[in-house]
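A.B. asks: Below, each chain spelled out in residue letters.
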Amino acid sequence: MLFAMLLGSCAKGDGKTHIYLQRFFGECGAEYGGSTDVAKAEGECGIITTMINRFNAENPDVQIDVNVVAWPGYPQLTAQVAARDPPDLVTMHEGVISDYAAKGLVEPVEGYLRAAGISPDGFTEAARQGVSMYGQIYALPWDTHGGLFHVNTALFAKAGLMRGGKPVLPNTTEELVAQARQFEQRTGKPYLIQSNVGDPAFAARNLYTYMMANGAVLFPDAHHIKLNTPIGIQVATFFRRINAEKLGSQNMDTPGAIAAFVSGEGGIYPTGTWMIGSFEQEATTPGRPLYKNYAVYPYPRLWGEHVEFVSGHSWVVPTRKRTPQQRDAIARFFKFMAAHNYDWVRTGHLPAFKAVLDDPRFKALPHRADIAPLASIGRPLPSNVQRQNAIEGIVGEEAAAAFTGQKSIPQALAQAEHRVNDLLGQVD
Amino acid sequence: MAADLRRGRLTPLGWAGLLIGAAIMLAPLVWTLLLSLKNNGELVGHSEAALHGPYTLQNYAAIFGNSLTLRWLLNSTIVALGQTAGVLILASLAGYGFARLDFPFRRTLYIFVLVGLAVPSQAVILVQHQLFAWLHLHNSYPGLILPGLIAPFGVFFMTTYMRGIPLELDEAAMLDGASRWTIFWKIIVPLTIPAQSTLAVFTFLGAWNDYWWPLISATRSDMYTLTVGLAAAQMNYAQTSGLGYLMAQAVFASIPIFIVYIIFQKQIVRAMAGTAVR
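In order, the protein sequences belong to chains A and B.
Residues in the first sequence are numbered consecutively from 1, following this note's numbering.
Residues in the second sequence are numbered consecutively from 1, following this note's numbering.
It cannot be assumed that every hint is accurate.
To be verified - Here are the in silico distance ranges between beta carbons for each label pair: (1) Glu48/B x Glu58/A: 28 to 34 Å; (2) Ile262/B x Arg241/A: 54 to 60 Å; (3) His224/A x Glu48/B: 46 to 52 Å; (4) Leu423/A x Thr108/B: 37 to 43 Å; (5) Gly405/A x Thr160/B: 50 to 56 Å; (6) Thr160/B x Thr229/A: 33 to 39 Å; (7) Pro120/B x Leu423/A: 54 to 60 Å; (8) Leu57/B x Lys40/A: 39 to 45 Å; (9) His224/A x Gly17/B: 55 to 61 Å; (10) Ile262/B x Ala157/A: 53 to 59 Å; (11) Ile89/B x Glu58/A: 32 to 38 Å; (12) Asn389/A x Phe64/B: 46 to 52 Å; (13) Ile111/B x Gln426/A: 30 to 36 Å; (14) Lys40/A x Pro120/B: 14 to 20 Å.
What the hints assert, rightly or not - Incomplete in silico selection of chain B near chain A, CB under 7 Å: (15) Pro12; (16) Val44; (17) Gly53; (18) Pro54; (19) Thr56; (20) Gln58; (21) Asn66; (22) Ala133; (23) Ile216; (24) Arg220; (25) Ser221; (26) Ala233.
I should point out that these hints are in silico values taken from the structure, not numbers from a laboratory.
Computed from a predicted model, the values in this text were never measured in an experiment.
Ideal Cβ positions, reconstructed from N, Cα and C, are used throughout, including at glycine.
Make the full structure from the sequences, and use the hints.
C.D. replies: Quick look at the structure:
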């Protein structure tokens with residue numbers, strides 16, 4: 001036991017300013033542990049690992065100690081906060097920030113931004129909204145991610161739905177249904193690939209996006225959600241119709257849906273920005289069904305306004321005592337990460353900075369010009385509503401039940417409302 | 001001879017049923033192993049690629065390429081062995097007391113211990129976490145080991161077993177001048193080896209596979225146990241873009257458990273068959 005205790009208590013005496021950074025995105029030290037060449041890194045894990053290595057190399061007086069947590073890492077962070085030993089920097093989804101900001105558990109970051117020479121005016125609109133709450137900025141936005149229509153252009157061509165080398169996407173729900181029927185008749189495959197099983201984010205994303213497009217106010221105040229409305233019923237009825245007419249794949253979870261899409265088993269897979277890298281790899285591998293047959297676009301406008309529900313990754317600074325040197329190191333880290341936002345968006349996510357959107361290197365990346373509008377049409381959920389992570393799970397579960405016919409639409413939406421309002425009722 | 005007789009009772013149909021059952025049980029394990037030996041890229045959308053070569057050890061190399069993997073293995077070993085030793089000592093002593101000694105409130109105390117069986121760990125996790133925070137025990141081996149020593153099942157198990165040992169043994173030893181400790185250590189403990197082995201196996205397995213408490217107590221990666229470390233090492237959407245690596249992790253994490261099963265299979269089978277408790 002003594003040996004064990006000794007093992008667990010190693011002091012740091014290297015004269016450096018240590019910053020304790022906690023992140024998800026996985027561990028890939030075997031491939032990138034010693035690499036500082038950011039341009040050569042691939043994937044979320046590879047790029048973030050290499051970037052932190054690079055920061056450490058460029059800042060010899062600072063050492064970023066990295067703690068990789070199992071996704072999404074919030075149980076651990078909450079435990080660390082409860083034990084009064086939170087990290088200095090943490091990756092956080094923008095929808096989660098308010099849970100911590102409302103209780104003063106993360107610091108406003110305007111001071112760090114000023115020290116780093118970063119103006120919030122440079123954030124994209126979606127990113128700015130995602131990190132702003134209670135009149136302050138609580139994080140360095142890092143990207144914007146949301147749903148996209150990933151398209152198999154070979155099947156679209158077979159279905160007669162290509163014009164000028166680009167897939168024809170619908171502008172109304174009736175157009176979508178007509179195109180889906182045509183697609184199914186000509187290819188024998190479903191128009192949409194859906195992951196309605198065990199993937200609440202999928203159904204929630206669809207419901208949120210098209211309710212927002214219809215002008216719905218999802219959260220009239222910080223303690224209530226409104227889903228069981230004429231707009232909510234209209235959107236859910238549309239997705240129920242997709243399933244009732246078998247225009248979308250049935251009974252698939254996320255791995256099943258991804259496998260189906262890369263195997264050429266359907267026309268469109270509505271999933272996130274994070275899959276662009278994997279699908280592009282398929283699209284550049286000879287012999288694969290997606291080879292030279294892949295395109296990707298934001299969700300089309302089917303009703304009302306062309307807006308889309310988005311979220312984003314960000315860097316927050318949990319509240320704790322820090323030395324001036326540590327605060328300076330955090331500001332330098334912010335500056336470094338902002339300067340390297342382009343490197344990060346090679347993952348497929350959209351930049352958090354307007355300058356990167358206009359960067360020719362970004363525009364030259366595959367498909368980025370097509371998906372760039374997401375940064376302007378993206379709408380995060382209201383930042384004054386807490387528990388968005390849990391709410392998405394509830395809404396997605398009930399919405400999937402409505403879409404697939406397991407529950408009647410009014411019943412599912414009413415139950416989603418009841419469960420979410422019950423949850424929000426417990427929030428201070 | 002006895003084994004031959006038992007084998008003789010199986011009809012060809014019985015053997016066939018047994019083989020089919022074994023194949024059904026083994027199929028997911030073999031599938032996991034095959035997936036772990038494939039390149040991740042090949043498995044994206046085509047998991048049936050696992051049924052044919054080429055096979056590679058690159059996923060295992062990636063596991064060992066992480067400098068912390070061996071540390072997590074060491075942590076899990078220390079925690080599992082620490083908990084196992086602690087539970088055996090405490091449960092044996094408590095079991096001896098409840099089974100063979102007469103003292104005030106014995107029955108009440110025993111019921112109090114048994115009530116612990118009905119309290120799920122989640123119900124006390126918040127106060128337990130607070131307590132360990134106050135004691136500054138998070139991110140330490142004691143912090144990982146101590147909660148596992150609360151083992152009402154172990155006390156119940158050893159008490160029940162020890163009650164089955166004739167009291168005359170204690171009385172005879174006392175007549176020969178043996179102390180309570182001598183009786184416990186030299187007579188009762190050797191007689192409870194089968195139960196100790198069974199309890200040890202279950203405790204070790206439980207400690208090795210534990211995820212929830214290490215997840216929130218060991219928040220620094222050098223103090224992760226293997227279960228938490230391997231989960232943290234997974235990238236998002238590992239089920240699709242990193243399936244081979246995910247399966248290699250599963251195989252790697254189960255090797256120590258497999259070894260424990262091989263060594264103690266007799267005790268495990270006996271425990272499962274209910275013969276360990278008299």
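A.B. asks: For each hint, tell me whether it holds in the structure or not.
C.D. replies: Each hint tested on the structure:
The supplied range of 28 to 34 Å is broken by glutamate 48/B and glutamate 58/A, whose beta-carbon atoms lie about 46 Å from each other. Between isoleucine 262/B and arginine 241/A the C-beta distance comes to about 56 Å, which sits within the given range of 54 to 60 Å. Our hint of 46 to 52 Å for histidine 224/A and glutamate 48/B holds, since their Cβ atoms are close to 48 Å apart. Hint check: leucine 423/A to threonine 108/B, Cβ distance near 41 Å, so the stated range 37 to 43 Å holds.
For glycine 405/A and threonine 160/B, the Cβ-Cβ distance of about 51 Å falls inside the hinted range of 50 to 56 Å, so the restraint holds. Taking 33 to 39 Å as the suggested C-beta distance range, the pair threonine 160/B and threonine 229/A does not conform, at roughly 60 Å. Restraint check, proline 120/B to leucine 423/A: a C-beta distance of roughly 21 Å breaks the suggested window 54 to 60 Å. A beta carbon spacing of about 24 Å between leucine 57/B and lysine 40/A contradicts the range 39 to 45 Å that was offered as a hint.
In this structure the hint that histidine 224/A and glycine 17/B lie 55 to 61 Å apart at CB holds, the actual value being about 58 Å. Take isoleucine 262/B and alanine 157/A: their Cβ atoms lie about 57 Å apart, and the range 53 to 59 Å holds. About 53 Å separates the C-beta atoms of isoleucine 89/B and glutamate 58/A, a value inconsistent with the hinted range of 32 to 38 Å. The given range of 46 to 52 Å is broken by asparagine 389/A and phenylalanine 64/B, whose C-beta atoms sit roughly 34 Å from each other.
A hinted range of 30 to 36 Å holds for the C-beta pair isoleucine 111/B and glutamine 426/A, which are about 35 Å apart. For lysine 40/A and proline 120/B, the hinted distance range of 14 to 20 Å is not satisfied, since their beta carbons lie about 49 Å from each other. Because the smallest distance between the Cβ of proline 12/B and any Cβ of chain A comes to about 39 Å, over 7 Å, the interface hint for this residue is violated. Here the hint on valine 44/B is kept, as its CB sits about 6 Å from the closest CB of chain A, short of 7 Å.
The restraint placing glycine 53/B at the interface with chain A is violated, with a minimum CB-CB distance near 17 Å, outside the 7 Å limit. Restraint check, proline 54/B versus chain A: the minimum CB separation of about 16 Å is more than 7 Å; hint violated. At its closest, the beta carbon of threonine 56/B sits 14 Å from a beta carbon of chain A; the interface hint therefore is violated under the 7 Å criterion. The restraint placing glutamine 58/B at the interface with chain A is violated, with a minimum CB-CB distance near 9 Å, outside the 7 Å limit.
At a threshold of 7 Å, the smallest CB-CB gap from asparagine 66/B to chain A is about 5 Å, leaving the interface hint in force. Against a cut-off of 7 Å between C-beta atoms, the interface hint on alanine 133/B holds, since the closest Cβ of chain A lies about 4 Å away. The restraint placing isoleucine 216/B at the interface with chain A holds, with a minimum CB-CB distance near 4 Å, inside the 7 Å limit. At its closest, the beta carbon of arginine 220/B sits 6 Å from a beta carbon of chain A; the interface hint therefore holds under the 7 Å criterion.
The closest approach between the C-beta of serine 221/B and any C-beta of chain A is roughly 5 Å, which is under the 7 Å cut-off, so the hint is satisfied. A least Cβ separation of about 4 Å between alanine 233/B and chain A falls short of the 7 Å threshold, and the interface hint therefore holds.
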